[in-house]
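**Q** Chains as they are written, first to last, in this note's numbering: chain A, 1 to 367; chain B, 1001 to 1069; chain C, 2001 to 2276.
Some hints could be false.
In the DSSO-like style, the derived pairs of lysine-lysine whose C-alpha atoms are separated by at most 27 Å in a straight line are [stated by the list, open to error]:
id	chain 1	residue 1	chain 2	residue 2
1	C	LYS2267	A	LYS42
2	A	LYS264	A	LYS250
3	C	LYS2258	A	LYS42
4	C	LYS2008	B	LYS1010
5	A	LYS193	C	LYS2045
6	C	LYS2008	A	LYS193
7	C	LYS2224	B	LYS1011
Computed list of chain A residues with no C-beta within reach of chain C, every gap over 10 Å [to be verified]:
id	residue
8	MET1
9	ARG177
10	LYS187
11	LYS204
12	LEU222
13	GLY238
14	ASP309
15	LEU311
16	ILE344
17	VAL346
18	TYR357
Derived coverage of chain C by chain A (criterion: at least 3 residues anywhere in the stretch with Cβ under 8 Å from a Cβ of chain A; other residues may be distant) [as the list claims (entries may be wrong)]:
id	region
19	2078–2089
20	2137–2150
Keep in mind the hints are simulated off the structure, nothing from the lab. Beta carbons: idealized from backbone N, C-alpha and C, even for Gly.
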Amino acid sequence: MTERLFLSGNEAIVYGAIDAGCRFYAGYPITPSSEIMHLMAKELPRVGGVFIQAEDELAAINMIIGASWAGLKSMTATSGPGFSLMQEGIGYAVMTETPLVIVDVMRAGPATGQATKSAQGDLMQARWGRHGDQYLVVIAPMTPQEAYDLIIEAFNIAEAYRVPVVFLMDEFIGHGREIVVRRGADKLVVRRKPSDHEPPFGSKDPRIPPPMPRLGEGHYVLVTGSTHNEWGYRDVHGFETHYKLVTRLKEKIWDNIDKIFKYKVYGDPDARRIIVCFGSTCRPAIDAAERVGGTKVLRLITLWPLNYDKLAEELSGAGKVVVPELNLGQLVYDVAQVYPRSKIRVINKVGGGIPIYPSEIIKVLEA
Amino acid sequence: MAHYKVFINKKLCKGCGICIEICPRNALRFNGINPETGYRNPEQVGECIGCRQCMWYCPDQAIVVVDEQ
Amino acid sequence: MAEHFGLKYLRKEVLPTAFCPGCYNGILMNALFQAFMELGIEDLKRFVFVSGIGCSSWIPSPFIKADSLHTLHGRAIPVATGVKLANPELNVIVIGGDGDLASIGGNHLLHAARRNMDLLVIMINNQVYGMTRGQAAPTTPHGMITPTTPYGNPERPMDVASIIAGTNANYVARWCISQYIPLKNSIKDALSRYSRGFRFIEVYAPCVTYVVRREGKTPGEKLKELMKKCIRIETWKNMSREEREKHVATGVFKAEDKPGFIETYNKYIAQALGEK
Ligand SMILES: Cc1ncc(C[n+]2csc(CCOP(=O)(O)OP(=O)(O)O)c2C)c(N)n1
Ligand code: SF4
Ligand code: SF4
Ligand SMILES: [Mg+2]
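Take the sequences, apply the hints, and build the full model.
**A** Encoded structure:
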């Protein structure tokens, strides 16, 4: 079933999620993400799913946690202020290894900021917004088509690694409307259930996420956000249990980085002039590179975990590196880990719904 | 006539004394300290009428009242 | 030796519980288990317990032998809502503290009640934040000294049961921990006669460590005091203002059997989309 539809990124997310098997949505209205919620409210019941409007984002994130444990692929969508409210819940999902997808349609912050204006200011928050050591996956689409394709990928990663996945999308993409091919999912990851003596919160090989029991099937599962052993029993005192748990939760993601981390190169792959970007700044970057030639565009699809070795490899021998961002400089910190900061040129712009134009990038490339 | 016996599970009892204070017949008394838990454990010293209040109000599921008839 | 009726619903290997000696949480557990037993519930495989953070939130996790989600402070009700909506076949019970459910999670309590969400919520009103060492809660009596109200609590306590009775919730009751039989029967009702919609039972059970022992009383003495202090709401209503303050009004505040959220949601969807 392949359909050609004229969709915004927000709408594409809904169809992608449904094709990925998402059957539960809880959310709270917030611009510029609300269209996701509206369409979910309409479409989910048609496929036997459940939609609920939560009383706030604290409720929304926690409802999808409950639904996920009851066996449904679950998601929510929000924007800055709501994303901030969800952080504690996302940390809980990391700790309890609960598969979830959280869409953050980024608007200009901080605080209420500019609700309708695009931004990329939540990059660091998506990675590090919660207390404690915790690791999750962050993915950023570049077009409405990718919103469709990558949200399917986001569900697959969430299920495969038992981890919340943050889908970080600029408002420009959320509201941008284009032809989207609804091609269906190539493959869907099926949640692995435990056999008899398999613990739900531990595995010998940290790269293999433990199986996930489903509530109501006689596993007597103990889910807790407190430090727990592999059977879910709390241990809020011992070093051993805590250290083992948090390192496994990290390794589960970072030791699978080769499978999770994705990026794409555009323009001239051998060029020494390199633009590093994500999300909505990629198209102007690609456009600029094509217009002036002799430029490579390194576009990050996975923003976390970030494969710094790959990044270093791609930037080795670079001359000028340009990092355009719709914020005051966040991705630049990653680039600076593998390339001298003094040789990086940044383009920062945020607010008013003004994109970074190809001409501005060209100016910096040629300066 | 019914004859009731109060059993105390010494592994679970925390020596809170609720059973002793709640018993309408004063049938229970503390009897020394349990070296394994460090708590005082009650024992039955008087006649039990089988009202089961000690069983209901023991917060540690440590009491069973048995009709021995 | 005969086994206590509650033990088959407990994970024996983790007993005794972590609660202070005499903690009334254990009495609620007895009432709950006796309700299960009298309803002929053999095991809790089809039950899911959801709790937040606090001493009372530890009742299900890890002690009750059932699936349980020990969630964030205040967030038990939304998690339970998600579980129930995702699998309406499951019996979902929330157990938590007054701080957890009425303070930090108060908004969720109100809205789940408003929605008549198909959940049973049991709130232990122990008058304080027990786990964090006895600070004032929204239920702390006026004037009471706690670590955060060293000169006396300037606030007045929240009457949680009355507030919830003012929503669309189907069933609302309050019992003192000293009213074992009515409490047990109320839990039974909330799982049988009233098995849909939002059911809320407030259990008045002062924290034995930070309220009762601070008053210089033993848990047993306080229980006997509560037996006098806790009276039926009908009697309480006819008292003078002064007398009311000295008593706790208990009983069933509301008992209806309206369709819960899930039935209503499904009905609207079936109407709009037609049976497929
Ligand atoms: C967000 C957050 N804030 C504060 C705490 C600290 N905390 C843990 S338990 C608790 C109070 C619990 O009180 P209550 O819900 O009444 O339970 P009780 O211990 O009295 O049974 C608090 C404030 C926390 N865990 N999380
Ligand atoms: S009530 Fe239970 S725990 Fe307390 S002293 Fe009696 S037997 Fe022990
Ligand atoms: S602090 Fe209070 S509520 Fe907590 S276990 Fe002790 S007596 Fe019970
Ligand atoms: Mg409390």
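**Q** Look at each hint and say if it fits the structure.
**A** Here's how the hints hold up against the structure:
Under the criterion of a C-alpha separation no larger than 27 Å, the hint pairing LYS2267(C) with LYS42(A) is consistent with the structure, at around 15 Å. For the hint linking LYS264(A) to LYS250(A), the alpha-carbon distance of about 25 Å falls within 27 Å, and the restraint holds. Note on LYS2258(C) and LYS42(A): the hinted pairing holds, with a Cα-Cα distance of about 26 Å set against a maximum of 27 Å. For the hint pairing LYS2008(C) with LYS1010(B), the CA-to-CA distance comes to about 18 Å; that is within 27 Å, so the pair holds.
For the hint pairing LYS193(A) with LYS2045(C), the CA-to-CA distance comes to about 17 Å; that is within 27 Å, so the pair holds. Of the supplied pair hints, the one linking LYS2008(C) and LYS193(A) holds, its CA atoms being roughly 26 Å apart against a limit of 27 Å. Restraint check for LYS2224(C) and LYS1011(B): the C-alpha separation of about 26 Å stays at or below 27 Å, so the hint holds. No Cβ of chain C approaches the Cβ of MET1(A) within 10 Å, the least distance being about 18 Å, so the stated non-interface status holds.
For ARG177(A), the shortest C-beta to C-beta distance to chain C comes to about 27 Å, beyond the 10 Å cut-off, and the non-interface label holds. No Cβ of chain C approaches the Cβ of LYS187(A) within 10 Å, the least distance being about 24 Å, so the stated non-interface status holds. Every C-beta of chain C lies more than 10 Å from that of LYS204(A), the closest at about 23 Å, which supports listing it as non-interface. The claim that LEU222(A) lies off the interface is violated: its Cβ sits roughly 5 Å from the closest Cβ of chain C, which falls inside the 10 Å cut-off.
GLY238(A), annotated as away from the interface, keeps every beta carbon of chain C farther than 10 Å; the closest lies near 15 Å. In this structure ASP309(A) is separated from chain C by more than 10 Å, as the shortest Cβ-Cβ distance comes to about 36 Å. Distance to chain C confirms LEU311(A) as a non-interface residue, since its nearest Cβ pair spans about 35 Å, more than 10 Å. Residue-level check passed: ILE344(A) sits 39 Å from the nearest beta carbon of chain C, beyond 10 Å.
Chain C leaves VAL346(A) outside its interface by the beta-carbon criterion, the shortest separation being 38 Å against a cut-off of 10 Å. No beta-carbon of chain C is positioned within 10 Å of the beta-carbon of TYR357(A); the least distance is around 43 Å. With 11 residues having a beta carbon nearer than 8 Å to a beta carbon of chain A, the region 2078–2089 of chain C meets the requirement of three or more and the stated coverage holds. Counting residues of the region 2137–2150 of chain C whose C-beta sits closer than 8 Å to any C-beta of chain A gives 0, which falls short of three, so the coverage hint is violated.
In the structure shown, a violation is registered for the earlier hints numbered 12 and 20, in ascending order.
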